[in-house]
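Q: These protein sequence lines are chains A and B, in that order.
Per this note's numbering: the first sequence = residues 1 to 254.
Per this note's numbering: the second sequence = residues 1 to 327.
Hints in this document: simulated from the structure, not taken from any laboratory.
The beta-carbon is built from N, C-alpha and C at its ideal position, and this holds for glycine as well.
Errors might be hidden in some of the hints.
[To be verified] If we take Cβ atoms under 8 Å as the criterion, some of the chain B residues that face chain A in the derived model are:
1) Q64
2) Y202
3) A208
4) F209
5) G210
6) S212
7) R215
8) I220
9) I279
10) E283
11) D323
12) G324
[Said to hold, decoys possible] Restricting the straight-line Cα-Cα distance to at most 20 Å, the calculated cross-link-like pairs of lysine to aspartate or glutamate (EDC-like) are:
13) B:K219 x A:D65
14) A:K81 x A:D65
15) B:K219 x A:D143
16) B:K322 x A:D120
17) A:K127 x A:E115
18) B:K203 x A:E115
19) B:K203 x A:D143
20) B:K321 x A:D143
21) B:K317 x A:D146
[Claimed, not checked] Reference excerpt, derived from the structure (chain B facing chain A, CB under 8 Å, subset only):
22) S70
23) D71
24) Y207
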Amino acid sequence: MVKAATITLKNVSCHYRGNTALKNTSLEVPPNSIYAFIGPSGCGKTTLLRSINRMNDLIPGFRLDGSIEIDGENIYADSSKKYVEDLRRRIGIIFQQPNPLPTSILKNMYLPLREHYVFDNDHFRQKAIANLQEAAIYDEVKDRLDKSALSLSGGQRQRLCIARAMMLDPKIMLFDEPCSAIDPVATLKIEDLLNDLKKDRTIIIVTHNMEQAKRIADYVAFFYKGEMVEAGKAMDIFTRPQTEILHNYITGRF
Amino acid sequence: MYSIQHRSQKRAESLPKYLIYLFSAISIAVIFLIFIFVFSKAWPVIKNSGLSLITSSGFDRQVQEGFYSSDAEPLLHYGLLGLVSGTLVTTLIALLFAGLIGVGAAVIICEYSNRKISGVLIAIVRLLASVPSVVFGLIGILTVVPLIEKLFVNTDMQIKYLDHFQMSGRNLLAAAIVLTFMIAPTVISLTVDAIRSVSDIYKETGYAFGMSKFRVIAKIILPGARSGILAGLILGAGRGIGEAIAVSMVCGGLGFLPIPSLGFINFLAPTLPLAAAIINKSEAIGSFSVESALFSCGAILLLIGAFLSIGAKAVEKRMRKKDGLEN
Chain A
1 MVKAATITLK NVSCHYRGNT ALKNTSLEVP PNSIYAFIGP SGCGKTTLLR SINRMNDLIP
61 GFRLDGSIEI DGENIYADSS KKYVEDLRRR IGIIFQQPNP LPTSILKNMY LPLREHYVFD
121 NDHFRQKAIA NLQEAAIYDE VKDRLDKSAL SLSGGQRQRL CIARAMMLDP KIMLFDEPCS
181 AIDPVATLKI EDLLNDLKKD RTIIIVTHNM EQAKRIADYV AFFYKGEMVE AGKAMDIFTR
241 PQTEILHNYI TGRF
Chain B
1 MYSIQHRSQK RAESLPKYLI YLFSAISIAV IFLIFIFVFS KAWPVIKNSG LSLITSSGFD
61 RQVQEGFYSS DAEPLLHYGL LGLVSGTLVT TLIALLFAGL IGVGAAVIIC EYSNRKISGV
121 LIAIVRLLAS VPSVVFGLIG ILTVVPLIEK LFVNTDMQIK YLDHFQMSGR NLLAAAIVLT
181 FMIAPTVISL TVDAIRSVSD IYKETGYAFG MSKFRVIAKI ILPGARSGIL AGLILGAGRG
241 IGEAIAVSMV CGGLGFLPIP SLGFINFLAP TLPLAAAIIN KSEAIGSFSV ESALFSCGAI
301 LLLIGAFLSI GAKAVEKRMR KKDGLEN
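Could you build all of it, start to finish, from the sequences and the hints given here?
A: Following this line, the structure appears as structure tokens:
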């Protein structure tokens, strides 16, 4: 086990062109854990997730107050292009919609590496295969690495994207509802994978699926209408909710 | 009751279907008829000249002799190599320029300008695409030709190359430049559409790996827009080889076959692409010989066009295969 990164959020507020999506949120994500953000749609959890690798910077009019620290380094202190690009490459992100590019599986795997390293076929291939194995998809695709990634099923595509995101050895991986577009069996495979991944990485997952959060999360934060209502160990959140809103949410009365 | 309604409904649906079939059949038939008509008119010259029709030159002289030859004993031996090379060279140069300008402009419109500016730019581009070609030719005569004369042509050079041709501002370069501006709007509009159809989730993929905007454009957006760009280039090439009026106004009207040893000077030589030749010599079409010769120009144009679209399909298929999108 490698010690991964600690993420600390201090008084984070997110605004889109005068619209406040998230107010005054503070929490700490311990290393090598799975932290789940839960809550109804529009509560600000995806905004927060995408703020951690500064993807929201791409949206005109986005502004973040407060600070987000990775191992004590405030990632909003420097807004130069170079810093932000470098930050994104250190953090993997998996989107709701599996997004392999319309090219071969192997070329998809090479994409992140090609961007930052000189092409070396043997080394790239080895690394791609190692990551596909770690993402538990290698056996399913080993005979068609040169075939289109679009020939894969939804669940396979998502695991391919996870494998691809690991190509740059991120210490932090963000998952934005990774299972909402795929079937239950594929979902369980990805959950197993997340449990493996946390051995060397810190993981944050946004999910709508309460059962999923119960199954895999070590910590949970509950968001409602742009505010963090409760956060803590998963066990405590699910068994002893402190607020009525959270109680209603986890019992499905919403 | 139910079945009657069902049947009449079926009839109502099948009428448009058959109409569509009918119109498709008519357009296919028209294409075949065009080929048959052009080739039958061109046949006397094609049969007489054989392969030397496209492997030898001398059209400029032959067309004069042909005009004065009697219809009882028409001159049917022509060499169109100078014209074919004129068509291919002007089109290729124009395609190269228009490709660079077109893709660059499309990237600026889609990725580097705000909604208002890009809307205005696209409106201008669409307008440019609908300007009649004779206007492009006129602008070419009034601006491009004098400019080339001023920049490249002087009396010493005119004397030096008098053995080969009469040097003026009306030459291959002028034809290629005018064509460039005619092709570029097509390439721009199709590339803009193609770039816009590249899904945002693909762009996010790139940004998520720490790519800069430029890299996302080069590595994700443009490859994703590839088939649209290719379609723009094919349409552009089609317009390039078929363009007659504008090119005939600035090309110099002489089917000069480039001489490799002259190097860059070849660009300052007059040229006469196939389509421009048809325009240029159409006054002489009363003569049987010239008529058949001009139709053979048309036949070659049809063949170049057909090869072009087949070739482009093959290129795209090959690229898709390389990406594993096709077996």
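Q: Please go over all the hints and tell whether each is borne out by the structure.
A: Cross-check of the supplied hints:
no.	hint	result
1	Q64	violated, 56 Å
2	Y202	holds, 6 Å
3	A208	holds, 5 Å
4	F209	holds, 4 Å
5	G210	holds, 3 Å
6	S212	holds, 6 Å
7	R215	holds, 6 Å
8	I220	holds, 7 Å
9	I279	violated, 44 Å
10	E283	violated, 53 Å
11	D323	holds, 4 Å
12	G324	holds, 4 Å
13	B:K219 x A:D65	violated, 33 Å
14	A:K81 x A:D65	holds, 19 Å
15	B:K219 x A:D143	violated, 26 Å
16	B:K322 x A:D120	holds, 19 Å
17	A:K127 x A:E115	holds, 15 Å
18	B:K203 x A:E115	holds, 14 Å
19	B:K203 x A:D143	violated, 28 Å
20	B:K321 x A:D143	holds, 16 Å
21	B:K317 x A:D146	holds, 16 Å
22	S70	violated, 64 Å
23	D71	violated, 60 Å
24	Y207	holds, 6 Å
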